[in-house]
Amino acid sequence: MFLLKGNKFVLFILVFLLFMGAAQNLKAEWTCENAFDLCLVTQWTVNNPAEAIRCIMGYSFCKKYVEPLF
Amino acid sequence: MITIMNIKKKKLKIFFLLFFISLAFSDAGEVTIKIKEALTIGNERRGIIFQWVGLTTDPENNIYITDLKDYSVKKYNSEGKFLKKAGRKGQGPGEFLTPGPIDFHDGFLYIGQIQHPGIQIFDTDLNYIKSIPINQPLISFQAVGNDQIAGSIFLGNKIQLYDFDGKEAMAIPYVQNEDFMLNAVEFRMFNNNLYVCFQWKDIICKFSLTGKKIWERNILKVKKIKTKKIKNFTLPQDICFKTITSDCERNFIFVLGGHLSKNVNRDVYVLTPKGKWVDTITLPEQTHTIHIDSENFLLSRSEYGTLVKKFKLIFQ
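Read top to bottom, the protein sequences are chains A and B.
Quick note: the first sequence uses this note's numbering, first residue 1, plus one each step.
Quick note: the second sequence uses this note's numbering, first residue 71, plus one each step.
Check the hints yourself; a few may be wrong.
[To be verified] Label pairs and their calculated CB-CB ranges:
id: 1; chain 1: A; residue 1: Leu38; chain 2: B; residue 2: Asn321; range: 39 to 49 Å
id: 2; chain 1: A; residue 1: Asn34; chain 2: B; residue 2: Lys106; range: 16 to 26 Å
id: 3; chain 1: B; residue 1: Tyr374; chain 2: A; residue 2: Asn34; range: 13 to 23 Å
id: 4; chain 1: A; residue 1: Glu33; chain 2: B; residue 2: Pro187; range: 20 to 30 Å
id: 5; chain 1: B; residue 1: Pro243; chain 2: A; residue 2: Leu38; range: 31 to 41 Å
id: 6; chain 1: B; residue 1: Thr102; chain 2: A; residue 2: Leu38; range: 44 to 54 Å
id: 7; chain 1: A; residue 1: Glu33; chain 2: B; residue 2: Lys332; range: 16 to 26 Å
id: 8; chain 1: A; residue 1: Glu33; chain 2: B; residue 2: Glu100; range: 22 to 32 Å
id: 9; chain 1: A; residue 1: Leu38; chain 2: B; residue 2: Leu225; range: 16 to 26 Å
id: 10; chain 1: B; residue 1: Lys151; chain 2: A; residue 2: Asn34; range: 37 to 47 Å
[What the hints assert, rightly or not] Residues from chain B shown here face chain A by an in silico Cβ test under 7 Å; the list is partial:
id: 11; residue: Ile184
id: 12; residue: Lys301
id: 13; residue: Leu353
id: 14; residue: Pro354
id: 15; residue: His358
Keep in mind the hints are simulated off the structure, nothing from the lab.
None of the values given here were measured: they were computed from a predicted structure.
For every residue, glycine included, the Cβ atom is placed at its ideal position computed from N, Cα and C.
Using the sequences and the hints, build the whole thing.
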């Protein structure tokens, strides 16, 4: 009985860990929004906000061409 | 009794009159459109496609595609046989960084790049001819004759015409407000009209070349597009329409729907030139664009952009 209970506990922990792992993977999923966010960090400076237009175009392209490939 | 008969006859006459009037004013009649798969292109060892983006055809229905992953333009005949490839990675003449939109006009190919300004002209043997130094990247473009290119630009809310030196000629404004992100459009000019579909709005429009709106349609019946705020930007989440084109037989307008269609990236809405909905075609696979050749074959994406599928359009 104890072993069974113990096994259930271990099983619960395993399922929980798996669930957390899956959630982490989902969080880290590559999306057009994440790519846009990253683009702003790398391209947009206070002195040159016009660079943001590249990120917006990239987002638009991503939504149209790339996202159906996910 | 005779009076009742007379009234019935009159009613019948009025019914037939109305019926014939409705037929006379209907510009499509009862048309249904079916597709029949005819060909798959790119599944041979030669002419392998890595990731095609742009596609066009010439009057012989040779197929030209831009391949983003190997920086090239590829030519296939109408039977799908690979004929030639040109281009490599670079920024020189005949080279590409992100080959994208492509158009054919009057014996020449016009190839643009995603997020990079300028258009390169090639002949149908894929020999580089010259470049048009347009100073900003275009969302989409069309070679329209008289040595001019029409392009939809991000910040302009207009279709801008350029000459072959890249100088701005006339422009056709299609919207007045300043919401530049939501005003991104794909367009097609033919029969002296401009047809526009909005990427982020449920709007398809027809304009005269002077910018006068002839009609506007809301096919998807979407009131508000979902948005997400990232830093200072409010980004639309779902694409309404991806591209717009027409067929050669009836001059119907074919508009590819995006995320908000019943069948995401697969539904093609068909309208008459007067804006009447005719039918909705559902493609078997998601696609980012469609093109219709001069024999009314519809070409679209297959296998995640590694193949092109060719479907015969059947009007019934």
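Next item on the list: Could you tell me which of the numbered hints above are not met by this structure, giving the numbers in increasing order?
Entry: 2, 8, 13 and 14
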